[in-house]
Every structure is written in structure tokens, then in C-alpha cells.
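S.K.: What follows is the residue order along each chain.
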Amino acid sequence: MTKIVAISGKGGTGKTILSAMLIRYLIDTRNNKSILAVDADPDANLSNELGVKVDKTIGDIKEYMERNKIDIPGDKMLHFEAKVMESLVEEKNFDFLVMGRSEGPGCYCYVNNLLREAISNLVDNYDYVVIDTGAGLEHFSRQVIKDIDTLLIITDQSKNSINTARSIKEISDELNLNIKNIYIVANKVSNKSVVDLIKKYASEISLELIGALPLDDNIVNIDLNGKTIFEIPKESPIYKEVIQIAKKIGLP
Amino acid sequence: MAEEFPFDISPMYEGERIRGKDFYVELGGPKKPGFELVRVAPMDEVEDGKFTLIGPDVPDIPEGSSIAFAQIYKVAGEKLEEALEGVLERRVHDFQNYIQGFMHLNQRYDIWLRLSKEDVKKGVTFKTIADATMMLFRNELPFIEKMEAIYITDEEKVNEQIHEAKEIYKKRDERTKGLHDEDVDTFYGCTLCQSFAPTSCCCVSPDRISLCGAITWADGRAAAKIDPEGPNFAIPKGECINPITGEYTGVSDMVKEKSGGAYDRMTLHSFFDAPHTSCGCFEVIGFYIPEVDGIGWVDRDFPGKAPNGLTFANMAGQAGGGKQIVGFLGVGIGYFGSEKFIQADGGLYRTVWLASTLRKRIEENIPEDLKDKIADESIPDIDSLKKFLLKVNHPVVTGVIRKVDNKQITEGWTLKKITGKIKNDVLKYIEESGGDIDLDDVADKLALSEKQFMQVVDKLVEEGYIEM
Chain Y
1 MTKIVAISGK GGTGKTILSA MLIRYLIDTR NNKSILAVDA DPDANLSNEL GVKVDKTIGD
61 IKEYMERNKI DIPGDKMLHF EAKVMESLVE EKNFDFLVMG RSEGPGCYCY VNNLLREAIS
121 NLVDNYDYVV IDTGAGLEHF SRQVIKDIDT LLIITDQSKN SINTARSIKE ISDELNLNIK
181 NIYIVANKVS NKSVVDLIKK YASEISLELI GALPLDDNIV NIDLNGKTIF EIPKESPIYK
241 EVIQIAKKIG LP
Chain V
1 MAEEFPFDIS PMYEGERIRG KDFYVELGGP KKPGFELVRV APMDEVEDGK FTLIGPDVPD
61 IPEGSSIAFA QIYKVAGEKL EEALEGVLER RVHDFQNYIQ GFMHLNQRYD IWLRLSKEDV
121 KKGVTFKTIA DATMMLFRNE LPFIEKMEAI YITDEEKVNE QIHEAKEIYK KRDERTKGLH
181 DEDVDTFYGC TLCQSFAPTS CCCVSPDRIS LCGAITWADG RAAAKIDPEG PNFAIPKGEC
241 INPITGEYTG VSDMVKEKSG GAYDRMTLHS FFDAPHTSCG CFEVIGFYIP EVDGIGWVDR
301 DFPGKAPNGL TFANMAGQAG GGKQIVGFLG VGIGYFGSEK FIQADGGLYR TVWLASTLRK
361 RIEENIPEDL KDKIADESIP DIDSLKKFLL KVNHPVVTGV IRKVDNKQIT EGWTLKKITG
421 KIKNDVLKYI EESGGDIDLD DVADKLALSE KQFMQVVDKL VEEGYIEM
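Residue numbers (full-length UniProt numbering), protein chains in the order written: chain Y, 1 to 252; chain V, 1 to 468.
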């Protein structure tokens with residue numbers, strides 16, 4: 001059974017860093033388990049954090065299908081499924097998929113239906129799927145990705161990010177996404193009083209604060225030097241906290 | 001099911017992907033050429049169960065390689081015919097995906113297969129795969145009486161034969177394209193757009209592509225076969241009520257059910273008589289222009305206004321949502337290539353205006369004798385459209401004769417009401433011209449057809465203004 005963890009939150013709060021560190025954690029601890037990382041936020045760059053080069057995104061393939069739909073002979077589903085597989089980046093320790101840009105004009109009903117089927121077939125092949133997703137939960141609202149086990153909503157010390165967390169929670173309720181667990185993760189927190197405050201805000205929207213990531217120079221360091229998440233020392237404070245979060249949400 | 005094979009064989013392995021680090025050998029795919037082909041042959045030309053390998057076998061291929069690959073199956077049987085080859089070939093994907101540790105993606109000359117290290121460890125060779133595939137074909141499709149397999153792993157030979165294979169696919173596609181509504185007993189429905197267009201009931205027939213342009217009759221058939229309860233489903237044609245408008249009892253029954261009772265009739269090839277519902281994501285919308293008794297078409301890419309003063313988005317908003325609105329019709333671009341394109345209402349001969357963006361894409365479908373008679377956005381309003389149509393003598397001016405049965409379906413331009421202004425204009429023109437009437441001049445200055453001009457003249461005679 002595939003376990004799907006999605007990470008959402010306001011832009012700039014650290015979604016991508018948390019996603020990357022969870023993937024790193026799964027790789028560090030895995031016992032021959034298969035991992036799929038998904039970048040589902042057009043504004044994010046999980047690929048940089050993971051040090052992966054991406055040629056083609058799902059968005060590119062959707063455009064290609066929409067433009068060439070008349071000329072593709074034979075069974076379009078088979079063709080599309082192979083194109084999705086082609087856009088999959090196969091790394092040594094994990095596979096990586098980028099959803100890419102949003103839709104242009106035109107009708108995507110048919111293509112999105114193909115995509116639902118293709119993604120669901122693909123996702124079933126993995127033990128763990130980690131998805132970095134925008135605050136709009138775009139791909140979940142279209143049911144492209146279903147059956148999320150845990151949604152982590154990340155906030156920092158800004159009131160804005162708390163408001164975004166509230167609206168993400170509302171969207172997921174409205175869309176009936178049936179997410180088993182939704183938690184708040186605080187990021188860039190400097191002291192205990194801030195943690196308490198975020199905990200209070202979280203409880204106002206009936207969510208539990210599951211962890212608080214400290215400000216950590218190691219993160220600044222990889223950002224500035226263009227390094228990947230795999231270069232963060234195991235004993236760095238932020239990674240230690242991620243390990244705690246991973247365990248709480250049932251990762252091995 | 002398969003005790004003699006070293007791997008498990010079951011539908012539960014469908015969708016199994018062999019990951020990059022887990023395959024022993026990759027066949028075809030993005031890196032190497034490949035194809036698969038099923039051919040029907042006479043009984044005496046097929047040796048049942050025979051396997052031929054041209055090129056190296058698994059043990060001679062280095063681990064982790066990507067190689068060229070072709071798999072060709074010859075089948076024979078009393079009930080088999082060439083027309084079934086495509087359907088049989090499609091099953092290769094299904095059956096090979098039942099094999100544990102083997103991945104099959106795509107089709108035809110795009111196949112992408114992976115054989116896992118695990119399988120190779122168990123001693124699997126190409127013959128094992130071929131035997132399992134043939135066993136599944138024989139079990140599931142008993143009308144195959146004999147079957148043999150030829151696998152090619154020699155890149156040069158694959159490249160040699162791929163051309164021949166492409167010719168066969170091409171011929172097959174032409175045959176499907178040559179199918180018409182009357183040749184089949186099943187159409188296919190699509191309700192994918194009902195999420196935002198609740199009464200939209202798309203009906204896809206051989207002569208009518210879906211409104212979004214994505215689903216052909218063959219696509220509908222493929223999707224309905226895989227998931228008959230899904231958004232693409234079979235529509236038994238039922239009785240044909242009118243072959244010209246394309247009215248079938250089966251289609252209307254489907255519309256009754258799927259529109260939740262909002263509509264109870266739908267034709268496939270008429271613009272005016274119970275037209276097809278319009279979802280909203282159609283590629284093109286047609287609009288009736290009553291002033292000229294003709295139809296204009298505008299596509300999604302055209303940003304400007306049509307002669308009726310509306311943009312594509314305006315009209316899509318007005319007519320979309322799954323409604324059946326006489327006067328507007330959403331279609332897929334491919335429908336312009338259909339010989340039944342709104343045939344009940346004159347087809348392209350009823351078309352008076354096309355956005356240039358659309359015209360570029362359907363130029364080859366426009367009959368020679370119409371090429372100069374259809375306006376585009378350089379004719380931006382109704383008045384200039386009237387003058388243009390008169391000048392080129394468009395069929396709508398004199399009356400459209402529909403090709404399907406040579407029946408005249410419009411009477412041509414006539415004045416419903418002869419107003420004082422028209423009478424004055426005509427009188428003034430006759431006076432100025434000194435009775436020397438030039439019909440081109442009439443068209444240009446008065447925007448009247450000959451018939452309309454004579455209507456006014458007759459009226460003026462009757463009322464005693466002029467004498468003949």
C-alpha cells in the first residue's frame with residue numbers, strides 16, 4: 001500500500017525544504033523501499049534541492065496531447081501513459097516527477113482524465129510518495145492525485161502564512177479529499193513563545209502543531225552555495241526535527 | 001494458471017513498472033527503435049507455437065542495456081480476418097502486462113518494454129516471454145487456432161522492418177477513417193465535461209469527432225472497452241429515424257438519460273433540428289446569422305469579434321454549459337473534415353464566415369467552388385458581409401442546395417417586409433441610373449440580391465410609382 005505525504009503552505013515558508021528533507025529521510029532509512037518525489041507546485045523547485053535535472057514536465061505532456069490530439073494514432077491512453085513514464089526522472093534512490101506549468105486555453109477534460117489514470121497507475125508502484133504542492137491544491141482538486149495519507153501545512157511566524165494554512169484546510173474540507181491526517185509544521189521559529197503562539201493559532205482551526213523547525217544556518221548555506229539537501233549534516237538541528245516529524249506521521 | 005512459467009501471470013500485475021535500476025534489459029522505448037505487429041495469415045503459413053529469434057538472446061545482452069526490439073505475431077484461424085489485426089495487437093499490451101517482472105508500455109512503433117533482473121535471475125529468455133504471450137492469446141481468444149512469434153533484437157533488422165510495419169499501421173488507420181456512421185452499430189458517449197456542463201451529452205460517431213476534438217470513434221471504443229461504466233460508454237445506435245440529420249433512437253435515449261431529462265432528442269448532423277448539446281470546451285462554435293441566412297464559425301484561438309459582434313468567449317458563455325441551443329453549435333475542428341458536416345443544413349455551403357485562424361486549419365476541407373465565397377474578419381459586420389456575399393454570389397443568396405440529396409433547403413434572400421426606406425432607396429437608384437440597371441451596382445450600393453431588388457420593383461409597380 002502506497003503511503004502519500006503532501007506538503008503545502010504559503011509560498012516562501014519552506015515547503016520545498018521540508019519536502020526535500022522528508023525524501024532525504026526516506027532515502028537515509030529505507031530498506032529497499034521505493035520512493036517517488038513529486039513537484040506539484042509550479043513556483044517551487046524541488047529539483048534543485050534534490051539535485052535532479054528535469055527535461056519534461058507533466059504540463060508539457062498535457063500541452064503536447066492537447067496540440068496533437070488529432071494526429072496521435074491508435075490508443076491515446078497507451079501513448080499518454082508512456083509519455084508520463086518518459087517524463088519520470090529515474091535516480092538511483094528515488095524517482096522524480098514534475099507536474100509543471102498550469103493549463104493553457106483549450107479543453108483539458110479528456111487529457112486530465114488520461115492523467116488521473118496514468119498517475120494512479122504510476123503511484124501504485126511506490127512505497128512512499130512525497131508531494132510538494134502549492135497552496136491551491138490544484139492537482140488534488142482535479143483528483144489527479146488521490147488518497148493522501150498525511151498533509152503537512154507549513155507556516156512561519158507571519159500571520160499571512162497562518163491565514164493560508166486556514167484556507168488550505170478549508171479547501172481540503174470542501175473538496176472532500178479524505179485526507180487521513182492534517183498537521184501544522186512551524187518553520188523558522190526562533191523561540192518557545194512563538195511556538196506557543198502558532199500552536200494556539202493551529203488549535204483555532206482544529207489542527208495540531210506536529211513540529212517546529214528551527215532557523216538553521218545549514219539551510220542558508222545550501223541555498224547560498226547551490227548545494228542539495230543531501231549535503232546537510234545528519235546532526236543539524238533542522239534535520240533532527242524532521243526525523244521527529246517523520247516518525248510522528250508514521251514514516252519508518 | 002501458469003505452472004510451467006518461472007514468473008507469475010495475473011491481471012494484478014497490470015500497471016507494474018520496472019524501475020530504472022531494476023531492469024535487466026530495456027526494449028524499444030525512448031532510446032531505441034521498436035515495434036509490434038499482429039498479422040493474420042493463411043492456416044498453412046503459420047506453424048503453431050513456433051518461436052523465432054533474430055538477434056541476440058537475453059544471456060548475450062549486457063545487464064542494463066537498452067536495445068532495439070520488434071515482436072511480430074502471425075495468427076491464423078477460420079474466423080480471423082485482416083480487419084481484426086489492430087484489435088488483436090492492442091491485446092499484446094494487456095497480456096504482457098500480466099507477466100510479473102515485465103513491463104509493456106505504448107503501442108505500434110512506440111513500444112517500450114522492460115524485463116526485470118528478477119525475471120532474468122529465474123532464467124527468463126525471450127522465448128519464455130513469447131510462450132507466455134501466445135499462451136494468453138490462445139486461452140483468452142480461442143478463435144485463434146494457430147499462432148507463432150518472431151522476435152527481432154538485431155537493431156539493423158528492426159530498422160529494416162519498421163518501415164514495412166509503418167505502412168501497415170497507416171493502411172489500418174485509413175480503413176478506420178473510411179468508416180461511416182452507417183457502417184457501425186455502436187456510437188460512443190462521453191460525459192467527461194458534465195462536471196461543469198451538467199447536461200452535456202457528447203456523442204462520438206465515425207463521422208463526428210467529440211466537441212473537444214480529442215476523442216474519435218476509435219478512441220471511444222477503446223476507452224469503453226476498458227471501463228464500460230466510465231465516462232466513455234457504448235451507445236447502441238438503435239433505429240435510424242433520419243439518415244440526413246443523423247437522428248437515431250439510441251442517441252436520443254442516451255440524451256434523455258444523461259441530460260437528466262433536460263433534452264429528449266439530439267441529432268448528429270443538423271444545425272437547427274435538435275442540434276448536439278454544447279459543452280463549453282468545444283474547439284469551434286458556429287453561429288447562425290439570420291440577416292444572411294448563413295452560418296459563421298469561430299475557433300478558440302481567434303481573439304476578435306465575429307460579425308455578430310461577439311467573441312468566441314462571449315458565445316461559449318452563452319451557448320455552453322451542455323445546452324442545446326438552436327442557433328449555436330459547438331464542434332471539434334476535425335468535424336469540418338467529415339462528409340456529413342452539418343449535412344442536413346447544407347454543410348460548408350451554408351457557411352458564410354470563418355475566422356482566419358480556423359480557416360488555416362480546415363483549408364483542405366473547403367470545396368474548390370467555395371474557396372472565394374467565404375468571408376473572414378476583414379469583413380467585420382453584417383452590412384459588409386451582405387455586400388461581400390452578393391459580390392461573390394454565395395449559395396445562401398440564391399438558395400442552398402444540400403449535396404446529400406440535392407434538395408434546395410433555403411429559398412435564397414427575400415425581403416420579409418418592404419419598408420418605405422427600401423422603396424425610396426430603390427426609386428432613387430432607378431432615377432439616378434436612368435433605368436439602366438446593373439445588378440453588381442445594386443449589390444454594392446443597396447446590398448440587395450436580384451430577387452430582393454425585383455421584389456421591391458414589383459411592389460413599386462403595384463403601387464403605381466413606376467411603370468414597367
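Just to be clear, a hint being listed does not mean it is correct.
Claimed, not checked - DSS-like, lysine-lysine: derived pairs with alpha carbons at most 30 Å apart:
hint : chain 1 : residue 1 : chain 2 : residue 2
1    : V       : Lys122    : Y       : Lys33
2    : Y       : Lys159    : Y       : Lys33
3    : V       : Lys31     : Y       : Lys33
4    : V       : Lys170    : Y       : Lys146
5    : V       : Lys121    : Y       : Lys33
6    : Y       : Lys56     : V       : Lys32
7    : Y       : Lys92     : V       : Lys32
8    : V       : Lys451    : V       : Lys371
9    : V       : Lys305    : V       : Lys416
10   : V       : Lys305    : V       : Lys170
11   : Y       : Lys92     : V       : Lys21
Said to hold, decoys possible - Anything over 12 Å on all C-beta distances counts as not near chain Y; from chain V, calculated:
hint : residue
12   : Asp22
13   : Phe143
14   : Asp173
15   : Asp185
16   : Ile241
17   : Asp253
18   : Gly337
19   : Leu370
20   : Asp436
If you're looking for bench data, these hints aren't it; they were derived computationally from the structure.
Think of the CB as a built atom: it goes at the ideal place given N, C-alpha and C, for glycine as much as any other residue.
S.K.: Take the hints in turn and mark each one as holding or not.
M.R.: Quick rundown of the hints versus the structure:
no. : hint                 : verdict
1   : V:Lys122 to Y:Lys33  : 22 Å, holds
2   : Y:Lys159 to Y:Lys33  : 39 Å, violated
3   : V:Lys31 to Y:Lys33   : 27 Å, holds
4   : V:Lys170 to Y:Lys146 : 38 Å, violated
5   : V:Lys121 to Y:Lys33  : 20 Å, holds
6   : Y:Lys56 to V:Lys32   : 19 Å, holds
7   : Y:Lys92 to V:Lys32   : 22 Å, holds
8   : V:Lys451 to V:Lys371 : 24 Å, holds
9   : V:Lys305 to V:Lys416 : 28 Å, holds
10  : V:Lys305 to V:Lys170 : 40 Å, violated
11  : Y:Lys92 to V:Lys21   : 7 Å, holds
12  : Asp22                : 9 Å, violated
13  : Phe143               : 22 Å, holds
14  : Asp173               : 5 Å, violated
15  : Asp185               : 22 Å, holds
16  : Ile241               : 29 Å, holds
17  : Asp253               : 23 Å, holds
18  : Gly337               : 9 Å, violated
19  : Leu370               : 23 Å, holds
20  : Asp436               : 54 Å, holds
Violation of the numbered hints given earlier is confined to hints 2, 4, 10, 12, 14 and 18; the remaining hints are satisfied by the structure.
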